[in-house]
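From first to last, the protein sequence lines stand for chains A and B.
Note that the numbering used here numbers the first sequence so that position 16 is 16, with each residue one more than the last.
Note that the numbering used here numbers the second sequence so that position 191 is 191, with each residue one more than the last.
It is worth saying that the hints were derived from the structure and are not from the lab.
Remember, predicted model here, so these are calculated numbers, not experimental data.
Be aware that a few hints might be false.
Listed next, with one range per pair, are the computed distances between beta-carbon atoms [what the hints assert, rightly or not]: (1) 24/A with 168/B: 26 to 36 Å; (2) 276/B with 88/A: 27 to 37 Å; (3) 24/A with 276/B: 51 to 61 Å.
Okay, the calculated bits of chain B under chain A, using three or more residues with CB under 8 Å as the criterion [as the list claims (entries may be wrong)]: (4) 164-170; (5) 175-184; (6) 187-198.
By construction, the Cβ of each residue, glycine as well, lies at the ideal position given by its N, Cα and C atoms.
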Amino acid sequence: MESEQEQEAGALGMASGSVLRGLPTGADGTSIEALGLNAYYGQKQVLREVSMKIRGGCVTAVIGPSGCGKSTFIRCLNRMHELGAGARVTGRVALDGQDIYAPTVDPALLRRRVGMVFQEPNPFPTMNIRDNVLSGLAMTGRLAAGQADEIVERSLRAAALWEEVRDKLKEPGLGLSGGQQQRLCIARALAVEPDVLLMDEPCSALDPIATARIEELIHTLAGKFTIVIVTHNMQQAARVSHDTAFFLGGALVELAPTNRLFTSPRDSRTEDYITGKFG
Amino acid sequence: MIAMRRRSVPVGEIVFRALCLGAVVVPLVALVALLVAVIAEGVGRLDADFVMRFPSRIASAAGILPALAGSIALVLLTMLIAVPVAVGSALYLEEYGNRGRFAGVIEVNITNLAGVPSVIYGLLGLEIFVRFLALRQSLIAGALTLSLLVMPVIITASRESIRTVPNALREAALGMGATRWSMVRGVVLPMAAPGMITGSILALSRAFGESAPLIIVGAATFITFLPNGVMSSYSTLPIQIFNWVSRPHEAFQTNAAAGIVVLLAAVLCLNAVAVLVRHRLQRRRN
Numbered sequence: 001m002e003s004e005q006e007q008e009a010g011a012l013g014m015a016s017g018s019v020l021r022g023l024p025t026g027a028d029g030t031s032i033e034a035l036g037l038n039a040y041y042g043q044k045q046v047l048r049e050v051s052m053k054i055r056g057g058c059v060t061a062v063i064g065p066s067g068c069g070k071s072t073f074i075r076c077l078n079r080m081h082e083l084g085a086g087a088r089v090t091g092r093v094a095l096d097g098q099d100i101y102a103p104t105v106d107p108a109l110l111r112r113r114v115g116m117v118f119q120e121p122n123p124f125p126t127m128n129i130r131d132n133v134l135s136g137l138a139m140t141g142r143l144a145a146g147q148a149d150e151i152v153e154r155s156l157r158a159a160a161l162w163e164e165v166r167d168k169l170k171e172p173g174l175g176l177s178g179g180q181q182q183r184l185c186i187a188r189a190l191a192v193e194p195d196v197l198l199m200d201e202p203c204s205a206l207d208p209i210a211t212a213r214i215e216e217l218i219h220t221l222a223g224k225f226t227i228v229i230v231t232h233n234m235q236q237a238a239r240v241s242h243d244t245a246f247f248l249g250g251a252l253v254e255l256a257p258t259n260r261l262f263t264s265p266r267d268s269r270t271e272d273y274i275t276g277k278f279g
Numbered sequence: 001m002i003a004m005r006r007r008s009v010p011v012g013e014i015v016f017r018a019l020c021l022g023a024v025v026v027p028l029v030a031l032v033a034l035l036v037a038v039i040a041e042g043v044g045r046l047d048a049d050f051v052m053r054f055p056s057r058i059a060s061a062a063g064i065l066p067a068l069a070g071s072i073a074l075v076l077l078t079m080l081i082a083v084p085v086a087v088g089s090a091l092y093l094e095e096y097g098n099r100g101r102f103a104g105v106i107e108v109n110i111t112n113l114a115g116v117p118s119v120i121y122g123l124l125g126l127e128i129f130v131r132f133l134a135l136r137q138s139l140i141a142g143a144l145t146l147s148l149l150v151m152p153v154i155i156t157a158s159r160e161s162i163r164t165v166p167n168a169l170r171e172a173a174l175g176m177g178a179t180r181w182s183m184v185r186g187v188v189l190p191m192a193a194p195g196m197i198t199g200s201i202l203a204l205s206r207a208f209g210e211s212a213p214l215i216i217v218g219a220a221t222f223i224t225f226l227p228n229g230v231m232s233s234y235s236t237l238p239i240q241i242f243n244w245v246s247r248p249h250e251a252f253q254t255n256a257a258a259g260i261v262v263l264l265a266a267v268l269c270l271n272a273v274a275v276l277v278r279h280r281l282q283r284r285r286n
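Given only the sequences and the hints, what does the whole structure look like? Please build it.
Take a look at the structure:
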């Protein structure tokens with residue numbers, strides 16, 4: 001599967017399929033590899049023996065019906081899953097070859113490298129736009145005086161929000177529209193300068209126009225970060241990702257370059273799902 | 001044709017409405033009558049001298065200065081002790097403690113402690129602070145006793161307030177690499193602060209009017225100096241009022257009424273501050 005991904009990677013860069021035109025890849029991005037990953041909530045097993053490789057600098061979409069474990073999977077990639085009551089993880093996840101579940105790893109330091117954007121936009125209500133962007137650095141004690149303005153502008157530009165908010169940085173983050181709030185959350189995640197960005201259905205609470213803007217943004221971020229995006233929207237997966245993983249019942253069914261997965265799936269369950277026979 | 005004409009209101013509805021109205025009016029009338037009576041009796045006695053003088057055997061020369069100063073010192077000291085400890089335990093229980101059986105036991109205990117009569121806290125304070133720790137009849141012994149009294153209330157209010165902070169915000173902070181403590185300080189505390197502050201002020205205003213436990217831990221009823229340190233003996237407004245009320249002489253009753261007016265004004269001020277703080281912090285949030 002790995003070699004196949006690599007074979008097609010070159011073709012992807014040259015925009016072999018219409019949906020991937022202009023989606024850049026970053027050769028030196030951080031890769032992630034899960035090996036025999038199991039996740040539990042109490043007695044209930046929500047992930048079963050998931051092994052897959054996420055290419056560095058690429059966008060990987062995770063699709064599947066509700067309850068298939070796709071959100072749990074990405075929450076295992078920055079050790080957010082274990083924060084839930086009774087939640088447990090076994091198996092291995094390697095970030096550039098380093099096991100993030102090793103006892104010597106500090107989850108807080110890991111999460112600086114692996115940022116996350118959530119389903120619902122969740123800017124901090126007590127903070128204005130500027131402070132929201134700086135919150136990650138402030139809370140990790142890394143906000144150097146004098147750099148704040150530059151970081152705010154750079155992060156908001158990277159999240160394609162700067163032009164809309166440059167004159168109201170002191171206004172509360174909650175005063176923005178839903179789509180703007182979500183881009184603010186992306187800016188906030190980018191300000192910490194992660195290598196990997198996990199997005200858990202980032203558009204599910206947004207209208208189609210705001211969704212389109214986030215997808216555009218993913219296009220501009222692709223190549224600079226390794227992005228893993230969970231989505232229940234197959235068209236979205238097709239529009240924004242290099243690779244797509246299809247999950248069912250807590251297990252990985254198929255991982256393939258997005259074009260290939262949607263045009264000629266190898267597993268009959270994948271085919272049934274993408275052709276709308278269930279889901 | 002569908003009948004659109006308004007039907008007459010059923011009798012049950014009228015009776016229920018009258019009962020509800022009565023439930024509002026009766027206590028209100030009683031309260032207003034009480035207030036009017038006290039103010040009518042005491043307001044004539046109320047002047048700068050009354051507030052600035054020390055107690056005296058002669059009713060017309062007596063003042064409440066040491067009692068008022070004692071009350072303020074006692075409540076400030078109680079605040080310094082109780083608020084940090086109570087907020088700390090609320091944060092521990094909500095943000096750190098795991099939800100095991102132990103947490104359930106603590107939960108039930110704290111809720112019950114909030115309902116324990118204040119005299120019991122007085123007896124506890126007498127044994128622990130006054131006798132065992134040999135703090136005697138000092139301001140600090142009184143403040144520690146009142147702290148025991150208000151802490152369950154502040155803990156409960158703080159926990160309610162912490163619970164209103166959405167989990168998504170905690171995850172957002174942790175997801176950027178914040179440690180649990182920096183997440184609590186940066187996200188949970190600013191959002192929960194208004195509720196914590198109001199809860200604390202309301203609990204402290206209760207402590208301000210408390211007399212029973214202080215009688216037991218030895219607040220003085222007649223004192224001719226201002227508190228000059230945490231080991232100082234002290235009196236408080238409620239104690240002073242209690243003392244005056246128990247005198248047979250009519251003029252002391254008037255003194256008591258005037259003292260009550262001052263006490264009520266002080267408690268109302270505290271409550272007003274609580275409302276203002278809450279309002280301001282909430283407006284800032286929106």
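Going down the list of hints, with the structure as the test:
1. 24/A with 168/B: 26 to 36 Å: This hint holds: roughly 31 Å between Cβ atoms.
2. 276/B with 88/A: 27 to 37 Å: Given a distance of about 47 Å, which is not inside 27 to 37 Å, the answer is violated.
3. 24/A with 276/B: 51 to 61 Å: Given about 55 Å between the Cβ atoms, the range holds.
4. 164-170: Since 3 is at least three, the answer is holds.
5. 175-184: It holds: at least three residues are needed, and the region 175-184 of chain B offers 7 whose Cβ sits within less than 8 Å of chain A.
6. 187-198: Our answer is that it holds, as 3 residues pass the Cβ test (under 8 Å) against chain A, meeting three.
In summary, the structure is inconsistent with hint 2 from the numbered list given earlier, while agreeing with all the others.
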